[in-house]
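K.L.:
Note that the protein sequences, when read in sequence, are chains P and F.
Numbers in the numbering used here are just positions in the first sequence, counted from 1, shifted up by 244.
Numbers in the numbering used here are just positions in the second sequence, counted from 1, shifted up by 244.
Treat the hints as calculated values from the structure; they're not laboratory data.
Errors might be hidden in some of the hints.
With a straight-line Cα cutoff of 20 Å, these simulated SDA-like cross-link-like pairs (lysine to any residue) come out [as the list claims (entries may be wrong)]:
{"#": "1", "chain 1": "F", "residue 1": "299", "chain 2": "P", "residue 2": "299"}
{"#": "2", "chain 1": "F", "residue 1": "292", "chain 2": "P", "residue 2": "282"}
{"#": "3", "chain 1": "P", "residue 1": "292", "chain 2": "F", "residue 2": "251"}
{"#": "4", "chain 1": "P", "residue 1": "292", "chain 2": "F", "residue 2": "260"}
{"#": "5", "chain 1": "F", "residue 1": "292", "chain 2": "P", "residue 2": "299"}
{"#": "6", "chain 1": "P", "residue 1": "299", "chain 2": "P", "residue 2": "311"}
Just so we're clear, the structure is a prediction, and the values are computed from it rather than from any experiment.
Protein chains: 2
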Amino acid sequence: MATDQLSRTFSALSDPTRRAILTMLSQGEATVTDIAAPFDMSLPAISKHLQVLEKAELISRGRDAQWRPARLNAVTLAPAADWIDDYRRFWETSFDALEQHLTSEEKGTTRD
Amino acid sequence: MATDQLSRTFSALSDPTRRAILTMLSQGEATVTDIAAPFDMSLPAISKHLQVLEKAELISRGRDAQWRPARLNAVTLAPAADWIDDYRRFWETSFDALEQHLTSEEKGTTRD
DNA sequence: TGCTTAATTAGCCAATCGGTTTATTATCGC
DNA sequence: GCGATAATAAACCGATTGGCTAATTAAGCA
């Protein structure tokens, strides 16, 4: 994987297990076994996912005796949101839909 | 990679070359050789990146003689933007910063 | 028909990913 | 110190990724 922060962020988000973990953590801190509970997956697998999220700085982790509580660090999502937001006008102003409509007409697939 | 649309979107965005391609296409349609020009990379490599973007439905492609013009299909970014937006309050309301501050105090690393 | 240009396919390769099982480390409580 | 619990590390595996070069396909043009 590329080494820049934005690539690490998007890469971390590209796995549904990791997105689910972030969703869980939006409810508050959780330990590794807590996090692993809903998944049909070994503990080391979850531990690896958490390491990916930690390297991407999407979570931070503490220490409480033998527990390693994970906490959401959502601020890392801001640059990803900003990047995508630069394209928002391309789908919100309906330029897209209009252009697709016109293109399909050219192709003779007009349906209305 | 996981097979769901959102994972494909984030995965496609996790490569800086592919993000740059999308940025180019936000200026308008372009052929494969056009797209490849600024990159220090072989044409087949660019072709593969375009296939990834196409499978992720972030671009669509036409046919004009031997050219295959690629066009941005930004609407696919909407679900990704929506997903991230669910977390916006976690960094915009400064709960994050506050919590991190308090945590660092607990650890005795207070600096002010 | 052949030549040129545009692009993809095929085949290869090293590195990474996402999972496993087993072994190890860290900490608590008795 | 010892046993139990929490978590990570190590070693392995098959599939995927991202790049390359060489070969092939597709289309225009003379």
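K.L.:
Please go over all the hints and tell whether each is borne out by the structure.
P.N.:
Hint-by-hint comparison with the structure:
1. 299/F <-> 299/P: violated (28 Å)
2. 292/F <-> 282/P: violated (36 Å)
3. 292/P <-> 251/F: holds (18 Å)
4. 292/P <-> 260/F: Violated: residue 292/P and residue 260/F sit about 24 Å apart, past 20 Å.
5. 292/F <-> 299/P: Distance ~28 Å between residue 292/F and residue 299/P Cα, so the pair is violated.
6. 299/P <-> 311/P: holds (19 Å)
Figure legend: structure checked against the earlier numbered hints; hints not met, in rising order: 1, 2, 4 and 5.
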